[in-house]
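These are the residues of each chain, in order.
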Amino acid sequence: MLEVYVLIKQVPKSHSLRIDKSSGALIRENIENIINPDDLYALELALTLKESYDAHTVVMTMGPPQAESALREALAMGIDDAVLISDPQFAYSDTLQTTLVIKEAFEYLKRYDLLITGSETSDSSTGQVPYQLSEALDIPLITDIFEYKIEGRNFYCQRNFGHESQNIQVELPIMLRVRRHFNKPRHVPLLGIKKAFEKKIKIIDFNTLNCPDYLDGCNKSPTIVVKTEKFIPKRKNQFIEGTIKEQAEFIKNVMKENGIERQWTGI
Amino acid sequence: MNEKDDSKDLWVFTEIKDHERVDECALEILGKARDIADKLDQKLVSIVLALDAEQYLSTIKDHGVDKIIYFSHQDLKHYHERIFTKLIHKLVEKYTPSIFLFPSTEAGNALAARVAYKCRTGLVSDVLNLELDDEYGNNLLLTDKPAYGGNIHVKITCPSKRPQMCTITRGTFNKRKIRKSTINIVKEKYEFERNELKIKILGAPTRKDKPSSTLSDAEFVIGGGQGLGSKDNFEKLYDLAKYTKGKLGGTRRPILNGWMPEHLQIGISGESIKPKLYISFGISGAIQHITGITDSNIIISINTDPNASIFKTSDYCIVADANEILNELLEYYKIEE
Amino acid sequence: MNFQLTEKQKLIRRRIRTFSEDFLAPVAPIIDRELKFSWETARELKKINAWGIQLPQKYGGAELDSISYAICIEEIARVCASTALNVTVHNSVGAFPIYKWGTEKQKEKYLYDLASGNKIAAFTWTEPNAGSDAGGIESLAIEEDDKFILNGSKIFVTNGGVASIILVGAKYQKSDGNHGIGTFIVEKEMDGLEIGDTEDKLGMRGSSTTSLYFHDIEIPKTNILGRLDDGFKIAMKTLNVGRIGIAAQAVGIAQAAYEYSVKYAKGRIQFNKPISQFEGISFKLADMATDIDAARLLVYKAANFKDLNRPFAKESAMCKYYASKIAREITQKAIQIHGGYGYMKDLPLERFYRDSKVTEIYEGTSEIMKLIIAQQILRGDL
Numbered sequence: 001m002l003e004v005y006v007l008i009k010q011v012p013k014s015h016s017l018r019i020d021k022s023s024g025a026l027i028r029e030n031i032e033n034i035i036n037p038d039d040l041y042a043l044e045l046a047l048t049l050k051e052s053y054d055a056h057t058v059v060m061t062m063g064p065p066q067a068e069s070a071l072r073e074a075l076a077m078g079i080d081d082a083v084l085i086s087d088p089q090f091a092y093s094d095t096l097q098t099t100l101v102i103k104e105a106f107e108y109l110k111r112y113d114l115l116i117t118g119s120e121t122s123d124s125s126t127g128q129v130p131y132q133l134s135e136a137l138d139i140p141l142i143t144d145i146f147e148y149k150i151e152g153r154n155f156y157c158q159r160n161f162g163h164e165s166q167n168i169q170v171e172l173p174i175m176l177r178v179r180r181h182f183n184k185p186r187h188v189p190l191l192g193i194k195k196a197f198e199k200k201i202k203i204i205d206f207n208t209l210n211c212p213d214y215l216d217g218c219n220k221s222p223t224i225v226v227k228t229e230k231f232i233p234k235r236k237n238q239f240i241e242g243t244i245k246e247q248a249e250f251i252k253n254v255m256k257e258n259g260i261e262r263q264w265t266g267i
Numbered sequence: 268m269n270e271k272d273d274s275k276d277l278w279v280f281t282e283i284k285d286h287e288r289v290d291e292c293a294l295e296i297l298g299k300a301r302d303i304a305d306k307l308d309q310k311l312v313s314i315v316l317a318l319d320a321e322q323y324l325s326t327i328k329d330h331g332v333d334k335i336i337y338f339s340h341q342d343l344k345h346y347h348e349r350i351f352t353k354l355i356h357k358l359v360e361k362y363t364p365s366i367f368l369f370p371s372t373e374a375g376n377a378l379a380a381r382v383a384y385k386c387r388t389g390l391v392s393d394v395l396n397l398e399l400d401d402e403y404g405n406n407l408l409l410t411d412k413p414a415y416g417g418n419i420h421v422k423i424t425c426p427s428k429r430p431q432m433c434t435i436t437r438g439t440f441n442k443r444k445i446r447k448s449t450i451n452i453v454k455e456k457y458e459f460e461r462n463e464l465k466i467k468i469l470g471a472p473t474r475k476d477k478p479s480s481t482l483s484d485a486e487f488v489i490g491g492g493q494g495l496g497s498k499d500n501f502e503k504l505y506d507l508a509k510y511t512k513g514k515l516g517g518t519r520r521p522i523l524n525g526w527m528p529e530h531l532q533i534g535i536s537g538e539s540i541k542p543k544l545y546i547s548f549g550i551s552g553a554i555q556h557i558t559g560i561t562d563s564n565i566i567i568s569i570n571t572d573p574n575a576s577i578f579k580t581s582d583y584c585i586v587a588d589a590n591e592i593l594n595e596l597l598e599y600y601k602i603e604e
Numbered sequence: 605m606n607f608q609l610t611e612k613q614k615l616i617r618r619r620i621r622t623f624s625e626d627f628l629a630p631v632a633p634i635i636d637r638e639l640k641f642s643w644e645t646a647r648e649l650k651k652i653n654a655w656g657i658q659l660p661q662k663y664g665g666a667e668l669d670s671i672s673y674a675i676c677i678e679e680i681a682r683v684c685a686s687t688a689l690n691v692t693v694h695n696s697v698g699a700f701p702i703y704k705w706g707t708e709k710q711k712e713k714y715l716y717d718l719a720s721g722n723k724i725a726a727f728t729w730t731e732p733n734a735g736s737d738a739g740g741i742e743s744l745a746i747e748e749d750d751k752f753i754l755n756g757s758k759i760f761v762t763n764g765g766v767a768s769i770i771l772v773g774a775k776y777q778k779s780d781g782n783h784g785i786g787t788f789i790v791e792k793e794m795d796g797l798e799i800g801d802t803e804d805k806l807g808m809r810g811s812s813t814t815s816l817y818f819h820d821i822e823i824p825k826t827n828i829l830g831r832l833d834d835g836f837k838i839a840m841k842t843l844n845v846g847r848i849g850i851a852a853q854a855v856g857i858a859q860a861a862y863e864y865s866v867k868y869a870k871g872r873i874q875f876n877k878p879i880s881q882f883e884g885i886s887f888k889l890a891d892m893a894t895d896i897d898a899a900r901l902l903v904y905k906a907a908n909f910k911d912l913n914r915p916f917a918k919e920s921a922m923c924k925y926y927a928s929k930i931a932r933e934i935t936q937k938a939i940q941i942h943g944g945y946g947y948m949k950d951l952p953l954e955r956f957y958r959d960s961k962v963t964e965i966y967e968g969t970s971e972i973m974k975l976i977i978a979q980q981i982l983r984g985d986l
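Line order of the protein sequences matches chains X, Y and P. To convert, note that position 4 of the first sequence is 4 in the numbering used here; the numbers rise steadily by one, no gaps. Add 267 to the 1-based position in the second sequence for the numbering used here, that's all there is to it. Add 604 to the 1-based position in the third sequence for the numbering used here, that's all there is to it.
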């Protein structure tokens, strides 16, 4: 049976964000948290795989205890089991620390054939973890796939790579990063929601992993966030005076500078 | 793991695109990196991996570098994760740079993430500004990065690990033409065992141009709002989009008016865009819309009201009837069919 | 006391909202304009178990609690009140009585199809001469050997044109008042069932309302629901349940009108400031928010009493009376806040207004609700 893991992240819904004016910190109370939108495509791929192959699907996230609700939602979609990597010691992990912890988690879990991720997270938008985890576990990361099939331990797919379309063969385990709109994430049935809340979520904490002390996210992350501020877009705000013709001419020039030309389609 | 005391110099991964040209964004980064190198009194080094890499060196020399380190080999015709990561990681171990900058391209982001992991150092992606700061350490690189869909900016440093790494979005900095009197060129020996490759390519790859982009990843977006006044006027936007291979989007109003389908909405309840250029026609700039356009590189807005709030979020503000401007542009871009 | 929804209920709200915004928002104005029940929507609703929200899992239902049920109906109504009507009538007055009073055989026969949405249910009582006076029905089912022969007609049947399983209240003997009434399960395929034209109505136009005519329909005795003389009791208890759904629907409509109003008032600039900064508008919004909160709490209380197996006739009448009243008022205020824009068909405000009105009428008018409440509060000592 294929062990399929979907790596997701819980993020704040973007329009519920507020910043404390005096401290500049994000106000975390009363914000609505959701599954990172890109991750829904990864979950959908896992569910589709399950329909065609003998697969056991697991959703995994790393985050605070309340990230459990994102896992429940994934279970409601039809994922079989859930793993929450959570420990106060993992708080404030940057991407490198996150990668190292997830790597430890997979070494602890031992069996995995497919790790699926979305393309990026809406909160930090780094998109780094899939690449770094691919390095850490030393398994290939395949992105931008189209057709795929699995035969035995081999994964065959068509993928876009640079400006090439390639047919490739790669041995499991692998990581897949699913692009946005790769599929149509299914709607969650009410019965799925009911059942999701009857499942037990596996918790992996600092002690479970028997972590080396470099995994202490707070103290050992190489990057530190020094300041958070509400973004006030810095724009030139330059008013372009003149006749309509002159103003239009200005726009044409900006378009040209940005490589936008008349496109001859026919003839 | 590099400790900061050993490290020096500022590197820029100078990506070669489609085995034919130096990436524009990499050249822009060289412009800014030159400034920082001067302030630090360190060398600016360009890193090139390509097939026939020599052909690109003269272009790079014109952009202020002190040194170019390059690999030239047929295996480097395209970006390859294992090959590039391994070569660059070895290079970092050998020369211990203090700062390593990458263009925020598909390859640049992937490579930077992998190299950062190999070096167990920090990486900040899609940076919008770079400065040197002494508050958290001597001459630390302080990066400014958007988060939460651009609603929030965070400042990040990497105090103790080296190199300090980040990827930079195109259009953030300006290219500068400077040629140093002495430029040191170093060719590194290509060494890679092909049996280390895990992915087998079956059959000959075919060239494939990217599928036509969706609104959210379009490079040029045209937006329309209530200010266009009528369905007929609004439909001219479709023409402009067609003639310029732009993508059309808009605010809530045109959808409610039946001028435009629902899925083209830009903003909170629609798509977020991040094009090189966004031109808004007759959009007043409600916050619901603004949220979806802040990642645009350049914004031009046309509105009759000089106090329209869209102008606060625009680089170029044009107080005029959007229809008149649109007609002018159409006259120029229109193609007789 | 705890006024927090559970994590499960929160997730239900979010997911049903997403579903409604994705699938129902595009069709809501169309089915309203075209007076059309959308079978495509019905199929989408099947995928999320919306036709069997509270039915047991063994029949394919989602077996949810009554507050979750109210949340589902509210969220659907917030986007498309007609769809919420189709769903709540099917669930609460169609499927529920069969689950509650049906024999094991009847449950086996009908509940799978109802929970899955393969078949849609309706419940009929009202006749040309029997509205609020429920005992005045004239449809007659005469016993003949092992069956009953049904004649008569029903009007204003929600889901009338689309239902395959119809619960019909009919007298089995000529008698006065509430006695001698039975509930009969009529199947669409039965000979003698005639479906009238779809009624053209003010609101809820995406719901199929028709008359039904019964011409010598032969109903096997196995299709009697409950005991033969249980008809009136079943109807009254069923409506107590149904009213929670209707009240939730009214809350959903009010919520939609309120959200539109807040957004508009913050964005609409007059006299150099958003109109939300004028008390004439902001006080309206404050009233709306308060009324919606109060109505919603009444709905949840009735739903909670139902789940606790406590009497809830009064609570159910109160929540329906109050929620329908504030829905009508709020949708009207919402148009006022939007001014001319609110009156135009470009925006859905006028649809909300039209849709809201009937919540004060069906499943018992507001006057009957007050009657029920008064009876209950005057029954005992203070």
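Mixed in with the good hints, there may be bad ones.
[What the hints assert, rightly or not] Straight line, CA to CA, 25 Å or less: simulated BS3-like cross-link-like pairs of lysine-lysine: (1) X/13 <-> P/612; (2) X/234 <-> Y/579; (3) X/184 <-> X/256; (4) X/202 <-> P/612.
Note that these hints are calculated values from the structure, not bench results.
Evaluation of the provided hints:
no. : hint            : in the structure
1   : X/13 <-> P/612  : holds (18 Å)
2   : X/234 <-> Y/579 : holds (9 Å)
3   : X/184 <-> X/256 : violated (37 Å)
4   : X/202 <-> P/612 : holds (18 Å)
Checked against the numbered hints above, the structure breaks only hint 3 and satisfies the rest.
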